[in-house]
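Going line by line, the protein sequences match chains A and B. The first sequence begins at 1 in our numbering and counts up one residue at a time. The second sequence begins at 148 in our numbering and counts up one residue at a time.
For the record, the hints were derived by calculation from the structure and aren't laboratory data. It cannot be assumed that every hint is accurate.
[Unchecked claim] Heads up, simulated BS3-like pairs for lysine-lysine below, C-alpha to C-alpha not over 27 Å straight-line:
| # | chain 1 | residue 1 | chain 2 | residue 2 |
| --- | --- | --- | --- | --- |
| 1 | A | 78 | B | 458 |
| 2 | A | 109 | B | 198 |
| 3 | B | 173 | A | 78 |
| 4 | A | 33 | A | 2 |
| 5 | A | 78 | B | 225 |
| 6 | B | 198 | B | 215 |
| 7 | B | 290 | A | 78 |
| 8 | B | 410 | A | 78 |
| 9 | B | 410 | B | 244 |
| 10 | B | 225 | B | 458 |
Just so we're clear, the structure is a prediction, and the values are computed from it rather than from any experiment.
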Amino acid sequence: MKKVYVNEERCLGCHLCEYYCAFANSGEAEFYKAFKLGRSAVPRIKVEDGNGINFAVQCRHCDNPLCMKNCIAGAISKVDGVVRIDHEKCVGCYTCVLSCPYGCVAVGKDGHSAAKCELCTANGGIPQCVKGCINGAIVFEERGETA
Amino acid sequence: MKFDYVIVGNSAAAAGCIEGIREHDKKGSIAVISDEKYHIYSRPLISYLLKGDVSESRMQYRPADFYKVNGVETLLGKRAVSVDSKTKQVALESGEKVEYGKLLLATGSKPFVPPMDGLDSVQNRFSFMKLDDVKGIEKAVKKGAKVLIIGAGLIGLKAAEALEHYGCEMTVIDLADRILPSILDKQISEIMQRHIEAHGVKFLLNMSAKSFNKNTATLTNGEELQFDILITAVGVRPNTELAESAGGKVERGILTDKKQAVKGVKNIWAAGDCTVSEDITTGTSHIIAIMPNAYAQGLVAGHNMAGASDKFEQAFPMNAIGFFGLHIITAGAYTGDCYEEVDGENVKKLFSCNNKLCGFILMGEKIARAGIYTALIREQTDLTTVDYELLCRTPQLAAFAKEKRLDILSKGGGAA
Chain A
1 MKKVYVNEER
11 CLGCHLCEYY
21 CAFANSGEAE
31 FYKAFKLGRS
41 AVPRIKVEDG
51 NGINFAVQCR
61 HCDNPLCMKN
71 CIAGAISKVD
81 GVVRIDHEKC
91 VGCYTCVLSC
101 PYGCVAVGKD
111 GHSAAKCELC
121 TANGGIPQCV
131 KGCINGAIVF
141 EERGETA
Chain B
148 MKFDYVIVGN
158 SAAAAGCIEG
168 IREHDKKGSI
178 AVISDEKYHI
188 YSRPLISYLL
198 KGDVSESRMQ
208 YRPADFYKVN
218 GVETLLGKRA
228 VSVDSKTKQV
238 ALESGEKVEY
248 GKLLLATGSK
258 PFVPPMDGLD
268 SVQNRFSFMK
278 LDDVKGIEKA
288 VKKGAKVLII
298 GAGLIGLKAA
308 EALEHYGCEM
318 TVIDLADRIL
328 PSILDKQISE
338 IMQRHIEAHG
348 VKFLLNMSAK
358 SFNKNTATLT
368 NGEELQFDIL
378 ITAVGVRPNT
388 ELAESAGGKV
398 ERGILTDKKQ
408 AVKGVKNIWA
418 AGDCTVSEDI
428 TTGTSHIIAI
438 MPNAYAQGLV
448 AGHNMAGASD
458 KFEQAFPMNA
468 IGFFGLHIIT
478 AGAYTGDCYE
488 EVDGENVKKL
498 FSCNNKLCGF
508 ILMGEKIARA
518 GIYTALIREQ
528 TDLTTVDYEL
538 LCRTPQLAAF
548 AKEKRLDILS
558 KGGGAA
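Can you build the whole structure from these sequences, using the hints too?
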């Protein structure tokens, strides 16, 4: 299945992908509205700036998703290779934040539910972080992994 | 009645077992026995139900078609009273017998209520572990009711948080000198206590109830306290009776090997809060009553029951929980060298010994990306192979050697 991969040689650490991600998942019609007027949309992709290197990291949609196995609410499932959170069921205990070895589940903006990359399946199917990256540092492609 | 697989219990460990069996055996018959009459639900969500955050249907741990999809027959509302491991039968309270090929004991725990004089005279007395407890409390609670909670642990304080929504006047007493003693150290416990007190909950610590006369408690300092509702949340005890009746080894909890097979008997496995686990952060064996542990053990048991070979070797305590909007994530043991950041309610403490991370306490804004720390414990990572100083400041993958990092980022991670 297609997944999002990062090319750290190309990443400038501009954090643009975080903005595109947060906006795409914010439900707002205009970009600035997701971040201004007292709102702070939460990105589900994280750009790391450590030790002179930069790269973006987001949910790896693991073969063995510990977030899903450990979820106390049964709110996380894997459907067609995509690990998803059912926000109707999530109570925001953050056991998934505790569990994800890659730090890829974020605390939701309302503080009551968790947020993670679902490959923009609810936003038209094209990951907006990839679309918005001007350096080709994030790609959406098939690398022969099993779903 | 006869089934290839029989599971006593209907919570996380049972779900793990069913899913584990079905990975390897699509056809074998499975039965689930539970004294509760409900579809599999999440026990920790009862406080969210009482608070009104979730409905009963939204607290189901697995979808409504879970049993059907997995070909599971349910014997709900039926209590298993004993197991005969020679004839391979579970006896039910109703007198029925259920024959098994392989049996999982996922019997969980029950509330421990210490003997206190006059407790039986108390009206509106509840534990806080099951759906029926919430249904009872919902009927009894009136706006502004006086609530006495005995036990300032996870259960007691989640009950307090839920009851704030009813405008209850709450007093929490505990024999310990601090709240949440099982997951917080004294300093962070005090920060959380102040946070909860700001929401109107009153704490009386180093205190217990000496006796009760109807709905008046006499405390150990002689003070009398009137209440409308009493919630006892002192602790829990594992349900080990079935394992004992079967001839299995029990020391506090049910003893199993790494494959979750019960010691001393054949064809019986056990998982979840009724079992003893070996804690990788302390090297000691104790009951680690947390849902992730229960599910993982159930899954391993299921794999083995279906003929595959699997072991559970990564047990350690971990908790993610919030009270009145302040979240904490903790794991492991709090010993060894401590890296510390305390900034109001935003707190981080990382404990390392012998070049391994053995535990942490995170609170408030510091909980972000906590799982990177958890993985260091789970995988017993040698801290000399990572940039620990960088990790202490901010959990990040950049602190790992390039090879490891690229492995995660390029392949897509197969989380162990």
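Outcome of the hint check:
At most 27 Å may separate the alpha-carbon atoms for a hinted pair to count; residue 78 (chain A) and residue 458 (chain B) meet this at roughly 23 Å. Using a Cα cut-off of 27 Å, the hinted pair residue 109 (chain A) and residue 198 (chain B) holds, with the two alpha carbons roughly 21 Å apart. Between residue 173 (chain B) and residue 78 (chain A) the CA atoms are separated by roughly 19 Å; this keeps the pair inside 27 Å, and the hint holds. Restraint check for residue 33 (chain A) and residue 2 (chain A): not satisfied, since their Cα atoms lie roughly 30 Å apart, outside the 27 Å limit.
Proximity of residue 78 (chain A) to residue 225 (chain B) is assessed by CA-CA distance (about 33 Å); at most 27 Å being required, the pair is judged violated. For the given pair, residue 198 (chain B) sits about 31 Å from residue 215 (chain B) by alpha-carbon distance, which is inconsistent with the 27 Å threshold. Distance check on the hinted pair: residue 290 (chain B) and residue 78 (chain A) sit about 42 Å apart at the alpha-carbon level, beyond 27 Å; violated. Our distance criterion of 27 Å between C-alpha atoms is broken by residue 410 (chain B) and residue 78 (chain A), whose separation comes to about 35 Å.
Restraint check for residue 410 (chain B) and residue 244 (chain B): satisfied, since their Cα atoms lie roughly 24 Å apart, inside the 27 Å limit. As the CA atoms of residue 225 (chain B) and residue 458 (chain B) are separated by approximately 31 Å, the hinted pair breaks the 27 Å bound.
Going down the numbered hints, you'll see the structure goes against 4, 5, 6, 7, 8, 10, while the others check out.
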